[in-house]
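A.B. asks: Modelling step: build the complete structure from the supplied sequences, incorporating the hints.
Everything in the sequence shown is counted per my numbering, starting at 148 for the first residue and increasing by one.
In short, the hints are calculated from the structure, not lab data.
Some clues are possibly wrong.
Calculated pairs, DSS-like style, for lysine-lysine (alpha carbon to alpha carbon, straight line, at most 27 Å) [as the list claims (entries may be wrong)]: (1) K239 / K180; (2) K198 / K218; (3) K239 / K191; (4) K191 / K248; (5) K239 / K218; (6) K248 / K218; (7) K180 / K267; (8) K239 / K267; (9) K255 / K267; (10) K191 / K255; (11) K196 / K218; (12) K248 / K198; (13) K180 / K198; (14) K218 / K255; (15) K239 / K196; (16) K255 / K180.
Derived DEER-like restraints, expressed as beta-carbon distance ranges [claimed, not checked]: (17) V181 / T264: 19 to 25 Å; (18) V197 / R229: 17 to 23 Å; (19) H243 / V197: 26 to 32 Å; (20) E250 / P217: 15 to 21 Å.
Beta carbons: idealized from backbone N, C-alpha and C, even for Gly.
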Amino acid sequence: MKKSNEIKTNFFCIVISLFVVMLTATYVSAAEKVQLEGTIMGAKCTHFKVKCYNDDNHIALEPDFVFVMPKGEYYFMPNVPRDVKSRHAYEKVRIHGELQKQELWVDKLVDLDESGTRSKTTWDWTDQLNI
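C.D. replies: In structure tokens:
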């Protein structure tokens, strides 16, 4: 009987320990390297699906900008400064970076012309690291 209680106590301690480890362990997801084309638009307009205006007043009052894909899905770009995003607002761009859930960690931001054939790199994360 004493041995049975000791086994139950040990088992209970092991189960509780495993449960605590599972609760405290952080989930790390691998980022997916991507190259995407789309438009940078206002975050509020995009989220609430309202018409965005491409004028200085609207751009100045927009708190953040997102990268919007042609089918409507959008991604926040947390490592790109707001001034860079606002400079490219409502322009077609190509982004090289890493996709993690709803965030796009940008390595390079490339401006595209109207036809999408000519491009120019306008922002590079490695240049920011060298400053």
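A.B. asks: Please go over all the hints and tell whether each is borne out by the structure.
C.D. replies: Consistency of the hints with the structure:
1. K239 / K180: Within the cut-off at roughly 20 Å; holds.
2. K198 / K218: Holds: K198 and K218 sit about 16 Å apart, inside 27 Å.
3. K239 / K191: holds, 19 Å
4. K191 / K248: holds, 19 Å
5. K239 / K218: holds, 14 Å
6. K248 / K218: Within the cut-off at roughly 17 Å; holds.
7. K180 / K267: Roughly 20 Å between the alpha carbons, so the hint for K180 and K267 holds.
8. K239 / K267: Given pair K239, K267 holds - Cα atoms ~12 Å apart, limit 27 Å.
9. K255 / K267: holds, 10 Å
10. K191 / K255: Roughly 24 Å separates the two Cα atoms, so the pair holds.
11. K196 / K218: Distance of about 13 Å is within 27 Å: holds.
12. K248 / K198: Roughly 25 Å between the alpha carbons, so the hint for K248 and K198 holds.
13. K180 / K198: Roughly 31 Å separates the two Cα atoms, so the pair is violated.
14. K218 / K255: It holds: about 22 Å lies between the C-alpha atoms, which stays within 27 Å.
15. K239 / K196: Between K239 and K196 the Cα gap is close to 19 Å, so the pair holds against 27 Å.
16. K255 / K180: The hint holds at about 12 Å.
17. V181 / T264: 19 to 25 Å: holds, 21 Å
18. V197 / R229: 17 to 23 Å: With Cβ atoms ~20 Å apart, the hint holds.
19. H243 / V197: 26 to 32 Å: Check passed, 30 Å falls within 26 to 32 Å.
20. E250 / P217: 15 to 21 Å: Check passed, 19 Å falls within 15 to 21 Å.
Of the hints listed earlier, the one the structure fails to meet is number 13.
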